[in-house]
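**Student:** Each chain is listed here by its residues.
Protein chains: 2
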Amino acid sequence: MRTTATVGQSDEAEGPGTPSTEADESWQIRYTAADLDRLAETESLFALANGWLGWRGCLDEGEPYGMPGSYLNGFYEQRKLSFPEDAYAYPEISDTVVSVPNAALIRLWVDGEPLDVRTGTLRTHERILDLRAGVVRRETEWISPGGRGVRIRSVRLVSLHRRPIGAVRYEVEPLDATVHVRVCSDLLANERLPERADDPRAATVITDPLTAERRRSDGLDGVLVHRTEHSGQRVAVAVAHLVDAPPTVAADVDCTPDRLRLTLTGPLRSGERLRLTKFAAHECTPVDGMGPDELADLVVAEAAAARADGFGTLLHTQRATLDVTWRTAELELDGDLELQLATRFALFHLMQAGRADGDRTIPAKGLTGNGYDGHVLWDTESYVLPVLTYLNPPLARSALRWRHAHLPEARERAVELRLAGAAFPWRTIGGRECSAYWPAGTAALHVNADIADAVLRYVAATGDDAFLAETGLDLLVETARLWHRYGHRSETGSFHIHGVTGPDEYTGLVNDNVFTNLMARRNLRGAADAVERHPDRAARLDVDEAEVAAWRAAADAMFVPYDRERGVHQQSSGFTSGPEWDFENTSEDDYPLLLHYPYLELYRKQVVKQADLVLAMLRCPGEFTADEKARNVAYYEARTVRDSSLSAGPQAVLAAEVGHLDLAYDLFAESVLQDLRDLGDKTADGLHLASLAGSWLALVQGFGGMRDDRGILSFAPRLPSRLHRLAFSLLWHGHRLRVTLTRDEARYELPDADAATTVEVWHDGERLRVTGDTPVVRPMPAVPQPGPEPLFPPGRRPARRESH
Amino acid sequence: MRTTATVGQSDEAEGPGTPSTEADESWQIRYTAADLDRLAETESLFALANGWLGWRGCLDEGEPYGMPGSYLNGFYEQRKLSFPEDAYAYPEISDTVVSVPNAALIRLWVDGEPLDVRTGTLRTHERILDLRAGVVRRETEWISPGGRGVRIRSVRLVSLHRRPIGAVRYEVEPLDATVHVRVCSDLLANERLPERADDPRAATVITDPLTAERRRSDGLDGVLVHRTEHSGQRVAVAVAHLVDAPPTVAADVDCTPDRLRLTLTGPLRSGERLRLTKFAAHECTPVDGMGPDELADLVVAEAAAARADGFGTLLHTQRATLDVTWRTAELELDGDLELQLATRFALFHLMQAGRADGDRTIPAKGLTGNGYDGHVLWDTESYVLPVLTYLNPPLARSALRWRHAHLPEARERAVELRLAGAAFPWRTIGGRECSAYWPAGTAALHVNADIADAVLRYVAATGDDAFLAETGLDLLVETARLWHRYGHRSETGSFHIHGVTGPDEYTGLVNDNVFTNLMARRNLRGAADAVERHPDRAARLDVDEAEVAAWRAAADAMFVPYDRERGVHQQSSGFTSGPEWDFENTSEDDYPLLLHYPYLELYRKQVVKQADLVLAMLRCPGEFTADEKARNVAYYEARTVRDSSLSAGPQAVLAAEVGHLDLAYDLFAESVLQDLRDLGDKTADGLHLASLAGSWLALVQGFGGMRDDRGILSFAPRLPSRLHRLAFSLLWHGHRLRVTLTRDEARYELPDADAATTVEVWHDGERLRVTGDTPVVRPMPAVPQPGPEPLFPPGRRPARRESH
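Top to bottom, those sequences are chains A and B.
1 is the number of the first residue of the first sequence in the UniProt record's numbering; add one for each residue after it.
1 is the number of the first residue of the second sequence in the UniProt record's numbering; add one for each residue after it.
Wrong hints could be hidden among the right ones.
Computed cross-link-like contacts, DMTMM-like style, restricted to lysine to aspartate or glutamate with a CA-CA straight-line distance of at most 25 Å [said to hold, decoys possible]:
hint	chain 1	residue 1	chain 2	residue 2
1	B	LYS629	B	ASP754
2	A	LYS80	B	GLU85
3	A	LYS80	B	ASP465
4	A	LYS80	B	ASP288
5	B	LYS80	B	GLU272
6	B	LYS80	B	ASP288
7	A	LYS80	A	GLU173
8	B	LYS629	B	GLU545
9	B	LYS80	B	GLU547
10	B	LYS629	B	ASP764
11	B	LYS629	B	ASP662
12	A	LYS80	A	GLU412
13	A	LYS629	A	ASP681
14	B	LYS80	B	GLU409
15	A	LYS629	B	GLU491
16	B	LYS80	A	GLU213
17	B	LYS629	A	GLU213
18	B	LYS80	A	GLU412
19	B	LYS80	A	GLU92
Think of the hints as simulated: they come from the structure by calculation, not from any bench.
Produce the entire structure from the sequences given, and follow the hints as far as they go.
**Tutor:** See the structure below:
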């Protein structure tokens, strides 16, 4: 791993009012010149975002780049889908994230030679992502091919406080002799993207997606307004500059339809410094919303306001905002420094991916890249929200409100599919189905239950009854209607759900997928409960008692396929009698299997891409006995190849539950290092937020043994041998519960609460009442003695975590 | 139906040596001016072909047209397939039939006005497809908008005797006053095609597929040579003309890269006639085969040779060839004149679709249109060859030799799919998989067993052991290898085939489809038998005894899913416990279902597009008891919507077998009228050869009760109430067996054989020996008393055949 400590380097460039940055290696991701061959990856790792605006961590000077990207949440273009063999209800249009004009660029020429880390001599080069300050710092000492030396320092942030604002402070000074510099601060639309490989998981490249509508400059500042051709969106980005430079430096602004450029030119003598600070404001609207001039005025005002506050204030507020965030999110993991840092990295990216205000969700890659075309998938509700619900509930609420805002499209889709209720899209940005392969898209109906599940967990953890009435109920009812229509009764009365694809994408179009059926049962019952809680609201949806009774009856009769002979659940009906995969004759180069085998082979065989039945045991733990869990884990681990980054987290939780703690730890490590080590070779396209979220699940649900499926909060903690101590917080009905686990004891406390505050939790089956003044301490429960560790397909066990 | 008798019209234009055409309405398809609004349909119905060259039945003057087309068997262009979501082993290229230069065109101007049946006054207009003469005759009397009248007569044929040759004789004469005519005989490449609707079953239009390589003219004759860009094929068409006109008519030839035109201009006085006869020769080769000049020389010589023989000889030979064909193919059906004619129409098109020489197959539409992109599908082996095997075995042999010629591509495909043996394509022209939807393409592995089945039936019916050794064995062995690799053993030892799609395309990706499993069993056993018969040849394929034993064991252990509770077979595992289709809420406008429901709904429900289990009972009758057949028919008819034209024929056979003779007759009628009545609204794209073949199966296997699956020929005849008599012939080991059924008796005879010739047949379980001198007559067996007629989905019973 490339992250190492920064060597006590204080940032002398901090302005007044900025808290000093402690040199704490456990809060900093640091990459150096040695990592320049992995640019696209580091751009994802160093991406900054605030849930609205995302800037990939490109170099200030824009080149070399892996894949430039600056995104606004929900801003996309559309493209036509054309199928060689079309069929009814195939989506005709797909959404694709496109970059908004990039305001992060600051290019430099030294005596006429462009600063480019691939040329000249790179004396030093380091970039740090500071997880507490919420900034990316860069320092580079570079000798041009002509022998002129400069030092560049920059600090970049995307403001967690001021939604539209990204800002950069950029400094350049001669290393010794006078240099003539040209500094160009660019705002650039339609930036060129590299052509991408022919991988189904990569993004579509749309060339020149933005059409210029307005451009204006005023002094050192300016604004560009563009629109998209097909999706009907308008975007405006304004930049406001502050320049601190010797008087011999001249400034000039040039504006073309796709580029606004401030150019500073002049000599810099030894001891002199040029400092350029740029404040960029971003907004987008539907084209039929705010007009271009109005929108331009808005972002100009926002950029000016940020400048008026000053960069120091932005830094200060950034840190202060993160301090609040980390108060809950902070997770101490004693015994493995690398994974301690990696966990913080994961949580940082989860926290900055969402927004508390409004109704924006979190795409699979957040705002860190254009992988999966920037689409939102079930990752959000199934991996990210289960974390945010406990660490930052307003972010979860916003994401669910986004689903609610797109209920009309989901209802229309259900009508198109000739179903009932709402059919949420498998992949989308704008709300309509964009999946171009129905067996792993439309047929993955479980996304509807995943959304319902996220609603139920959010409401259970927060007690946010107003949300349930205003937002959650609609989602629960319409998804329940889908299941009730889609399923059918057998002659013996059991309720079956045929013709779906579960989480495991190597097993498509099956009957009675256990995960889907159990989640549908939760969905149906959750909807029934919600209707009974808010009957007036439900009446507006035309729900009557008979409908609720039918949901409950279907849920009660839900079929769960079980193989009595093998004593394991069938991931779907008949799964365990399918042909086995020939792992003996599968080489390392054959992974990921989807790139080397046809669906024809994958679908019919007992090979599992990712946790499916295991995920069912995580989401619906009460549906399985302890023995069943142990047998199921053994059976399915032996057939799971983990070709999906979604898999390791849930596998870790279940491995921990059945007592394989070292294995759980290795799976946790894989999950949390997914991007820092680029384990899937796809980090270039953006971070795997679900995998990062899975690492929190591995720790809190795995080693903490936290469960919440019955509306109560319970723990069954157990520490793997590598950890001496694990401490984490989570919010339960607004109260921060701190849980500290050591080898000997588990401690539950409410550090922020008064004596009158009580939270009820369960510890190893014992009900505890934790109050503000009294922590409760209990001995660590005995861990079940597991059998031998599950077998994995050859070569597919996660790497054994060695000491670091 | 539009076919009515021609009124004793003798063709006074016949040359010497041409047999006179009897005015027999039961051998002529006649369309008149009233049918001009259905041009594209009639172009398919009037298409002429000889298995190598196919001319759609366009008007001589080319316009108006529905869809022009002149095809050579195996001549196609390629296009790139681009998938919005790609996956491993998706085909990258698809073959699409394209027209060769069209030599059938003869345009006419009368006093400067183009003959166009949409303008002026059409006094009379009729076109006749003469099923015995093998020609299309046309007669039109037209008054131009300017008031000038002409009579046009033409005769067109595609020579069954001279492979490359199509010919037209065209006559024009004034109706009364002198007219100035211009007659243009065109050879036209890259003819414009209409844009097609957005239907997955329609063809892809490639604009200007041909690139000109050579053009030459010589006197009144000429030749064009073109090539395709991607498929690497070269095509040459030469025309040779004969002109018989008053001396005042002048001739001129003009040649551009895409058009060779002979123009005749001059006055025609009352009583004068201009007669133009055109002989066109067609060849195509791979580009790396014969060079363009060489190919041009070849077709020029072929056209000249045809001209040297003369049009009269062509007509004569055409009739003589057909007389031989009809001697076996003729089928007498007393009691329904319309269906008698329709049956002859069906058999005519089947006979002219194939070639006895070489290794050409028969695409789904023959050479009558570009539907399904001109692809070859399982239709050939499963519907067309079971007829040709008995009526014209060399045509069946050629088609199987074509499969053998493409064994290399099928082996490569198996490797790509990571399977063994050979995986034949679901759709192709050039031999590689062109299906762009794998669940109904690649997964329909039964095409491999269908090919094997066609081999086995061909060998059984002909005794062509040389073919078995040289061609059939390879096909049997490599397909058997596929099944053995693809299937797997359950713990109880039964052999299962999971993850396939059977014939029913409304039920994709299933386990243990009965049709597939039983056909695979036939395939495995047939391969084992063939290996044991030709061990030397088999050794060259590295087959050893262990492999053969493994095939037999797999065949013996083949699993056949059966629902004991309902007493019916399951079309595939679990089929009968799937949700039922909601037929009550399905309106007439919802058919065909595939255009109004997503696969999501179709696949999981008990709705059947086409005979699947019913087809299994036809192909493998010995695998079912009579009771099972009756129950299965009742169960599956109630769920079969017949959205495929392949369905009615096999349904008719099984309906007849279980005793529903009126129903069988209605299904037969639907099958045989598929194109003449355009029941599927797709005849415009070409004829449904499989449906036409299905009508023969309905008669011979349904009412004749013929079965051949055990290598013996058996009959269990029964006549529906509408038929007084049914007589048909079929070839068994080279001997023509004539079967005549009346209400009272069944008569078996060998009309062409001497007394020493014996053929063994079974009649109603009794073994008969029929010799050349002694017909055998037996009473008609009693028909089983069926229960009530099966229910059909509402509105989906075939139309009841009323008296005609």
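**Student:** Now tell me if each hint is right for this structure.
**Tutor:** Hints, verified against the model:
1. For a cut-off of 25 Å, the pair hint linking B:LYS629 to B:ASP754 is broken: about 40 Å separates their Cα positions.
2. The suggested pairing of A:LYS80 with B:GLU85 holds, with an alpha-carbon distance near 13 Å, which does not exceed 25 Å.
3. Note on A:LYS80 and B:ASP465: the hinted pairing is violated, with a Cα-Cα distance of about 55 Å set against a maximum of 25 Å.
4. Annotation: proposed proximity of A:LYS80 to B:ASP288 is violated, straight-line Cα distance about 39 Å (limit 25 Å).
5. Our distance criterion of 25 Å between C-alpha atoms is broken by B:LYS80 and B:GLU272, whose separation comes to about 54 Å.
6. For the hint pairing B:LYS80 with B:ASP288, the CA-to-CA distance comes to about 22 Å; that is within 25 Å, so the pair holds.
7. Distance restraint check for A:LYS80 and A:GLU173: the Cα-Cα separation of roughly 50 Å exceeds the 25 Å cut-off, and the hinted pair is therefore not satisfied.
8. Between B:LYS629 and B:GLU545 the alpha-carbon distance is near 36 Å, which puts this suggested pair outside the 25 Å criterion.
9. For a cut-off of 25 Å, the pair hint linking B:LYS80 to B:GLU547 is broken: about 39 Å separates their Cα positions.
10. For the given pair, B:LYS629 sits about 17 Å from B:ASP764 by alpha-carbon distance, which is consistent with the 25 Å threshold.
11. Restraint check: the Cα-Cα separation between B:LYS629 and B:ASP662 comes to about 17 Å, which is no more than 25 Å; the hinted pair holds.
12. With a CA separation close to 19 Å, the supplied pair A:LYS80 and A:GLU412 stays within the 25 Å bound.
13. For the hint linking A:LYS629 to A:ASP681, the alpha-carbon distance of about 32 Å lies beyond 25 Å, and the restraint is violated.
14. Note on B:LYS80 and B:GLU409: the hinted pairing holds, with a Cα-Cα distance of about 18 Å set against a maximum of 25 Å.
15. The hinted pair formed by A:LYS629 and B:GLU491 meets the criterion: a straight-line CA distance of about 24 Å does not exceed 25 Å.
16. Distance restraint check for B:LYS80 and A:GLU213: the Cα-Cα separation of roughly 37 Å exceeds the 25 Å cut-off, and the hinted pair is therefore not satisfied.
17. The hinted pair formed by B:LYS629 and A:GLU213 fails the criterion: a straight-line CA distance of about 71 Å is larger than 25 Å.
18. Among the hinted pairs, B:LYS80 with A:GLU412 is inconsistent with the structure: their alpha-carbon atoms are about 34 Å apart, more than 25 Å.
19. Distance check on the hinted pair: B:LYS80 and A:GLU92 sit about 20 Å apart at the alpha-carbon level, within 25 Å; holds.
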